[in-house]
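Construct the entire structure; sequences and hints are all you get.
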Amino acid sequence: MIETRGLTKRFGSTEALVDFSVDVPEGAVFALLGPNGAGKTTAIRILLNIVRADGGRASVLGCDSRKLGVPELARIGYVSENRELPEWMRVGEFLKYCKGFYPEWRDEEAATLVKAFGLPLDRRLRSLSRGMRMKTALASVLAYRPRLLILDEPFSGLDVVVREGLVESIAERTPQCTVLMATHDLSDIESFATHVGYLSEGRLLFAEEMDALVSRFREVEVLAENFPAAKLPEHWINVKQASGVLRFADRQYDEARCEREIRELGSGVRDVTVRRLPLRSIFIALASERVSGR
Amino acid sequence: MRTVLHIFRKDAVRLWKEIAVTWALLGWLTQMDCWRSGYLPGSQEGWLNLLLPLAWSYLAAVCVLQDAVPGERQFWLALPAGRGTMLGAKALFAAVFIHAPYLISCMAVLAARGFNPLGHVPVLAEKQVVLLAVVTLPALALASLARNAMQFMLAAIALAGGAVMLNGNGLARLPNQWPPLNDLRWTFSAVALALFAAAILRIQYRERRTTCSRGIGLTGIALAGALYLWLPQRSSASLEAVMHPMREDPITVRALVPDTIAHAEFPPRAGVSVSIPVDIAALAPQSAMTYSQLDFEIDGPGIRLRADPGAWVWGKPLRCLR
Chain A
1 MIETRGLTKR FGSTEALVDF SVDVPEGAVF ALLGPNGAGK TTAIRILLNI VRADGGRASV
61 LGCDSRKLGV PELARIGYVS ENRELPEWMR VGEFLKYCKG FYPEWRDEEA ATLVKAFGLP
121 LDRRLRSLSR GMRMKTALAS VLAYRPRLLI LDEPFSGLDV VVREGLVESI AERTPQCTVL
181 MATHDLSDIE SFATHVGYLS EGRLLFAEEM DALVSRFREV EVLAENFPAA KLPEHWINVK
241 QASGVLRFAD RQYDEARCER EIRELGSGVR DVTVRRLPLR SIFIALASER VSGR
Chain B
1 MRTVLHIFRK DAVRLWKEIA VTWALLGWLT QMDCWRSGYL PGSQEGWLNL LLPLAWSYLA
61 AVCVLQDAVP GERQFWLALP AGRGTMLGAK ALFAAVFIHA PYLISCMAVL AARGFNPLGH
121 VPVLAEKQVV LLAVVTLPAL ALASLARNAM QFMLAAIALA GGAVMLNGNG LARLPNQWPP
181 LNDLRWTFSA VALALFAAAI LRIQYRERRT TCSRGIGLTG IALAGALYLW LPQRSSASLE
241 AVMHPMREDP ITVRALVPDT IAHAEFPPRA GVSVSIPVDI AALAPQSAMT YSQLDFEIDG
301 PGIRLRADPG AWVWGKPLRC LR
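Sequence order for the protein chains is A and B. Position 124, counted from 1, in the first sequence is what my numbering calls 124; the numbers after and before it change by one each time, with no gaps. Position 194, counted from 1, in the second sequence is what my numbering calls 194; the numbers after and before it change by one each time, with no gaps.
Treat the hints as calculated values from the structure; they're not laboratory data. Each hint can be trusted.
With a Cα cut of at most 20 Å, we get these calculated PhoX-like pairs of lysine-lysine:
| no. | chain 1 | residue 1 | chain 2 | residue 2 |
| --- | --- | --- | --- | --- |
| 1 | A | 96 | A | 115 |
| 2 | B | 10 | A | 99 |
| 3 | B | 10 | A | 96 |
Restraint-style ranges between C-beta atoms, simulated for each label pair:
| no. | chain 1 | residue 1 | chain 2 | residue 2 | range |
| --- | --- | --- | --- | --- | --- |
| 4 | A | 124 | B | 242 | 55 to 65 Å |
| 5 | A | 115 | B | 23 | 36 to 46 Å |
| 6 | A | 107 | B | 111 | 44 to 54 Å |
Bear in mind the structure is a predicted one, so any value in this text is a computation, not a measurement. Ideal placement from N, C-alpha and C gives every residue a C-beta, glycine not left out.
Here it is in structure tokens:
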């Protein structure tokens, strides 16, 4: 559905995207995570042919992203906090305007969305709250059931109730749809992402299925008399050591190997506890690793 | 075409107030032009003649800026509407709300003055081309380089100021004012501007390379200014002669001048302007006469003036024969 190879983009001396390669399979809900300024929005804009990459290539719906035409764009839904809506329009006018571009537009679907989101058709977009504007934008893309839904920080700044409602609506209405969602907030994607990628300073650190990610990360806590100043394995990240306790996240957890590596630390190991890591902790560990420069 | 009309309709709904203002200005000017008795426009009409192109430029610009080209946040960029379609919608808007009303206005003025508009299609077409080259295309191109109306206004003011300074400087450099040659210089500059404007629109709506387009725009402005300031007079005179060759069968007409003529003086250096009402015979009914090359003589009590044979009527001072 989406395939990129070696995408690169610079803005002056800043590297916004470096060798960005990712595959988003059909039907996946791919969460592209990363802190603000990591390059998520740039990647999405390149995919939609809004920004031209300096190098590499991307294909979207089987088409070179630089040649995305009307037929492809008519099957893509794009909602972004960075997208300027025609704010002078009333909600009803806006939906009618959008309808004119999409042959697959379904009036009954639009009416259902208007009702479900409680959209005030006679109010101008500029007078709506942020949440309402985002709901309107979502309604304008869900009404034609896109094959590919691209969401760029769609829920940032929204309260939990609104966010959950929107996530449910997207999940309900896009069962056949592939979703690419860029966000810096884990709670946006925890409940429904199938794949996840982590972008930091323009570089994709990893991209894989959510289940595989969660299953290969473990938090390990080791109690010992003392720890020799040995070189720790590379895949132990976010290592913290204090008064006979060594705590780290193993990003390539394998039970036998982990036991062996702990034994190699030396004698005096009294106890080892291994815990599954919630997604949030995985990303905190990864972010900390990045900051510490490991 | 359906999408072009869809975007066009959106712009028309959004900009109806601006459209109404330009139509009101045009209607007012047309009415004054229809009922004016003299040749020269009055001051009010003069101001309207200045104001209307500015209003048209603004209208064309705000239409483009509804879906601005530079930037990455605009709503239209991810819509399934080709960029050519977007340009088509903006062009249609300019055609319907600027060019068509102007055409109707010109036809109304012709009709009010007793001419059949359909008999003057080339002149009407020429006016449309001039409007396109001098107002519509540059305004659309400039707007396609601006992110918002403020940027457009600032750039437009800078350009207009530059043009005024250039004009003053240009006139100072041409001591013997020779209107046809000055017109030719303006034409060259306008053609250069129009061509560069068209190139900018093409690049902006095909590739959205704003920095490159801005460079092209600055080059076009510099070239247009250079053509106006530094084109050798000999070159423009030669071109003018090629464009308007002397007729092989010159028409001789007889002009009867009444006993009293009005005259007025315009200080300090414009000399004396004399308005001479003439009664021209020997022309077929419905024929149009231009005076690009005219040989004439004024013979009156105490004075006899003669233009050099083949001279431009405004080009050189009359020669006093006695």
